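Order-wise, the sequence lines are chains U and B.
Under this note's numbering, read the first sequence as residues -7 to 322, first letter to last.
Under this note's numbering, read the second sequence as residues -18 to 340, first letter to last.
Everything labelled a hint here was simulated from the structure, so no lab data went into it.
Given the structure is predicted, the values throughout are model-derived calculations rather than measurements.
It cannot be assumed that every hint is accurate.
[To be verified] SDA-like cross-link-like pairs, simulated, lysine to any residue; straight-line CA separation at most 20 Å: (1) B/K120 - U/C167; (2) U/K98 - U/Q305; (3) B/K87 - B/R41; (4) U/K74 - B/S226.
Residues per chain are reported as follows:
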Amino acid sequence: MADAKVIPFDEDRPRRRVAGSRRVRAVPAPEPVAEAVEAAVAEPAAVESGGAAWDRRIAGGLAFLRRRVTGDYEVDEFGYDKELTDQVLMSLMRPLFDKYFRVEVKGIENIPAEGGALIVANHSGTLPLDGLMMQVAVHDHHPAQRHLRLLAADLVFMLPVVNELARKAGHTLACSEDAQRLLEAGELVGVMPEGFKGIGKPFGDRYKLQRFGRGGFVSTALRAGTPIVPCSIVGAEEIYPMVGNAKTVARLLGIPYFPITPTFPWLGPLGAVPLPTKWTIQFGEPIATDGYPPEAAEDPMLMFNLTDEVREQIQHTLYKLLVQRRSVFF
Amino acid sequence: MGKVVLVTGAARQLGGRFVRRVQRDPEVARVIAVDAVAPPHRLGSAEFIRTDIRQSSIARVLAEHAVDTVVHLAVTGGGAGAGGTGSAVKETNVIGTMQLLGACQKSPTVRRLVVKSSTSVYGGASRDPAVFTETTQPKSLPAGGFAKDAVEVESYVRGFARRRPDVAVCVLRFANILGPYADSALAEYFSMPVMPTVLGYDPRLQFVHEDDVLDVLRLAAGEPGRGTLNSGTFNIAGDGVLLLSQCARRLGRPTVPLLLPAVTWVGSALRAVGVTDFSPEQIRLLTHGRVVETSQMRDVLGFKPMYTTVETFADFARSRGKGLLPPEQAGQVVDRVAAALKVDSLNVGVAGAEEGAQR
């Protein structure tokens, strides 16, 4: 139902065949089987060293706890707490990633193993879960286990508790100073240039990319000389189908939009549970930016062209992934 | 002929230490220490002149002694001791600086001016970039208190630098100064038995050690070294960052997270009974934190701090008494839990914990 509005351009196989393939795959999908096999293989090993493994885990946990209570850990200048992110925050997000949204990651090899790169993704889903899932995807699926540093809106840093967690998870304010500093330090930076226009768009506009800000991310990448990796996320649009926007409430609360979904706010906290959609995150071919002269970052025409190139590539991949998708939930 | 150095704010801890330090410099012939109150500490061979820099008499002092280097340290956040009310501090900071700069402008002998400022000129809000450079424009200017004074002082100093291009002007923006002798508002805050914090915020803090402050002031007051330049504006801070929660744990002081409005009430209550100076500006620091870029300090000024932020804080923590929850005890509790678990598990658990602790 989600791909009803999608026009599959450039796709060589017609839609009917997709529908056909869906019927064929109605028998157990290959993926869960693979998962089950993996689990079966992993289990005996776990049983063998069961006690010892648990002891080691407890010991590791206690050592971690000891460092935490004595304050003996390090954060970087952005407030990124690597240890907390690896040991706690990632483990909290992983079940959501593996079990709930069953995220399929494609094209991870397009992310360089070292050095800076700017990952540009579409933004959707009312709550920025897509950014967090992208962070888990990069960390868990990249062979170098790279950490993604997300750029977040200033609203994130205004909210108590949220700002603290965001900083500790390695996120920082979406401004060119911070982005450039991270890129020049060789970090992997994730940005969603659609911002609130993307995340807070009505359900009817799903998978239609909004304007990409003013293209500031391109000039930042150019200045830092790092490649731009386009990223398309499918599945996040349907987690909270936003059918309405209570603008007055939003204005009263000082937030950019107040979502009304079929379940929220009618069911209260239960309505805040996202729908268990099946996600795909595809990283595309990197777009090199190191071939330009230093003054290129000031050239508005080049900025517009590069922004459009990135935008087109993401939109294109989105359509492609939507056509391949069997259903929203499986 | 040696240099004649005039130091304002000599009655304060930092000013006094700088006066004693700078007279050991072979380049320096005489040191004139100036303050409105008599210093409680020795000033060595320096000549102390009791004068208020808010008065025009400071111009006479400059002329009489043919001063060629002025080190202006009388820009302070009030804090403990030298205290006084907020308006008096503000007047010394702003009017005193104006008088001093006016006197310097008329003086034909002044060649060098060093001004102590603070990184609080950057303000600090949720919309600010994570790291401030010397050229960052603050998103929201500080509304009052020391930060506003520092902003005003700096703007007067910039005006002076324009009018007297022959004078080398160096503005040093210091991060929070800590050390065994620190008497700043932040040092007082860290000495409270229970530290009130803002609920849901864990600010990033940066410190600079007192010894490094003295060293960099001497560097700025002297002739620039080869390949360096000691005029301009520089951020001065130790490497690295500490979160407020880390600071509290390392000090062993429990924290009480309060909602932001409640912190303001508690702050004004504590202020009223004179426990500590809990200004709105300090609450701002404890909400959003502040981190500055120090590459200019390294590359242009040619200064390398001896202490990192973490080392500075460790030195400060050593000088203060133990808190209610010393980190060693907290660590022992965890070790005891590990030891208790050994009873029903194998040795691996404890060995692993020790290994982890060593790491």
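Verification of the hints:
1. B/K120 - U/C167: Holds, at roughly 12 Å.
2. U/K98 - U/Q305: holds (15 Å)
3. B/K87 - B/R41: Distance ~10 Å between B/K87 and B/R41 Cα, so the pair holds.
4. U/K74 - B/S226: holds (16 Å)
Every hint, counting from the list given before, is met by this structure.
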